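J.: Each chain is listed here by its residues.
Number of protein chains: 2
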Amino acid sequence: MSELANKQCEACRPGAPLVTQAQIDELMPQLPEWQIIEVDGINHLTRIYKCKNFLDAMAFAEQIAQKAEQENHHPSLLVEWGKLTVTWWTHKINGLHESDFIMAARTDALYSDR
Amino acid sequence: MSELANKQCEACRPGAPLVTQAQIDELMPQLPEWQIIEVDGINHLTRIYKCKNFLDAMAFAEQIAQKAEQENHHPSLLVEWGKLTVTWWTHKINGLHESDFIMAARTDALYSDR
Numbered sequence: 001m002s003e004l005a006n007k008q009c010e011a012c013r014p015g016a017p018l019v020t021q022a023q024i025d026e027l028m029p030q031l032p033e034w035q036i037i038e039v040d041g042i043n044h045l046t047r048i049y050k051c052k053n054f055l056d057a058m059a060f061a062e063q064i065a066q067k068a069e070q071e072n073h074h075p076s077l078l079v080e081w082g083k084l085t086v087t088w089w090t091h092k093i094n095g096l097h098e099s100d101f102i103m104a105a106r107t108d109a110l111y112s113d114r
Numbered sequence: 001m002s003e004l005a006n007k008q009c010e011a012c013r014p015g016a017p018l019v020t021q022a023q024i025d026e027l028m029p030q031l032p033e034w035q036i037i038e039v040d041g042i043n044h045l046t047r048i049y050k051c052k053n054f055l056d057a058m059a060f061a062e063q064i065a066q067k068a069e070q071e072n073h074h075p076s077l078l079v080e081w082g083k084l085t086v087t088w089w090t091h092k093i094n095g096l097h098e099s100d101f102i103m104a105a106r107t108d109a110l111y112s113d114r
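Sequence lines, in order, name chains L and U.
Position 44 of the first sequence, counting from 1, maps to 44 under the numbering used here, and the rest follow consecutively.
Position 11 of the second sequence, counting from 1, maps to 11 under the numbering used here, and the rest follow consecutively.
Don't read these hints as lab results, they were simulated from the structure.
Remember, it's a predicted structure, so these values are computed and weren't measured experimentally.
Do not rely on the hints blindly, as some may be mistaken.
Identical copies look the same in the list; a pair holds intra-copy or inter-copy alike.
Think about it this way: if two alpha-carbon atoms lie no more than 20 Å apart in a straight line, the pair counts; the simulated DMTMM-like pairs of lysine to aspartate or glutamate are [to be verified]:
#  : residue 1 : residue 2
1  : K83       : E62
2  : K52       : E80
3  : K50       : E10
4  : K7        : E38
5  : K7        : D40
6  : K52       : E62
7  : K83       : D40
8  : K50       : E62
9  : K52       : E3
10 : K83       : E33
11 : K92       : D25
12 : K52       : D25
13 : K92       : E3
14 : K67       : D56
15 : K92       : E26
16 : K50       : E71
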């Protein structure tokens, strides 16, 4: 696992700090396959993973769901035939927290280990 | 299960007929919670289901995935905390086939039986 994936996630809480642009500039090179997209004015971190078929995408989603549950921090998971789109953001602060980047790195690590 | 849910799904194949407006007018009243939305010029049939939490949404997605695999006809499933968005359409004909409405009715039946 990458250094980022090994960092501790902070608990989500209202008032937790959004990542700064300086942090984003430091974090994004560690997540080369991820993109920041704005949805309804809220930044989200998203990546599409290729999978073998529908059930394989579903199985990967299930793995991510278990990790998310452990951290009590949940992404959106879009399961389609042959691909899974994973999107992280922090509802409670309407944007991106460092934990979202940590979870993205852990999702990459799960994918690499499949 | 409803009458619609009990109909046979036809195999997806290129050249299969899109539903006509007359069919849509007949089918939609049997699927009151579903909406037809256009994405990139392609009609899709979509519904949001309320779930208890993230893992409950995941578990319902898993049930639908098993049914989809049996029919070899796959939706997109958007898993989020407390809700699951299910979207049916037929890739091979770039739109809606009667089978999509049948699968929507079966998805409703799965939800009712939970």
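J.: It remains to establish, for every hint, whether it holds in the given structure.
T.: The hints, checked one at a time:
Taking the shortest alpha-carbon separations for K83 and E62, both the intra-copy value of 13 Å and the inter-copy value of 15 Å come in at or below 20 Å. In this assembly of identical chains, the alpha carbons of K52 and E80 lie at most 20 Å apart only when taken from the same copy (11 Å versus 23 Å across copies). Taking the shortest Cα distances, K50 and E10 never come within 20 Å of each other, neither inside one copy (29 Å) nor across copies (28 Å). Proximity of K7 to E38 under the C-alpha cut-off of 20 Å is found in neither arrangement, the shortest distances being 25 Å within a copy and 42 Å between copies.
Taking the shortest Cα distances, K7 and D40 never come within 20 Å of each other, neither inside one copy (29 Å) nor across copies (40 Å). Taking the shortest Cα distances, K52 and E62 sit within 20 Å of each other both inside one copy (15 Å) and across copies (17 Å). For a Cα distance limit of 20 Å, the shortest separation of K83 from D40 across copies, 19 Å, qualifies, whereas the shortest one inside one copy, 24 Å, does not. Both within a single protomer and between protomers do K50 and E62 lie at most 20 Å apart by alpha-carbon distance, with minima of 15 Å and 19 Å respectively.
In this homomeric assembly, K52 and E3 never come within 20 Å of each other (Cα to Cα): the closest approach is 28 Å inside a single copy and 34 Å across copies. In this assembly of identical chains, the alpha carbons of K83 and E33 lie at most 20 Å apart only when taken from the same copy (14 Å versus 27 Å across copies). For the identical chains of this complex, K92 and D25 are neighbours neither inside a copy (23 Å) nor across copies (42 Å), given an alpha-carbon limit of 20 Å. Taking CA atoms no more than 20 Å apart as the test, K52 paired with D25 passes in neither setting, with 33 Å inside one copy and 37 Å between copies.
Taking the closest pair of Cα atoms, K92 and E3 never come within 20 Å of each other, the shortest separation being 26 Å inside a single copy and 43 Å across copies. For a Cα distance limit of 20 Å, the shortest separation of K67 from D56 qualifies both inside one copy, at 17 Å, and across copies, at 15 Å. In this assembly of identical chains, K92 and E26 lie within 20 Å of each other by CA distance neither inside one copy nor across copies; the values are 23 Å within and 43 Å between. Proximity of K50 to E71 under the C-alpha cut-off of 20 Å is found in neither arrangement, the shortest distances being 24 Å within a copy and 22 Å between copies.
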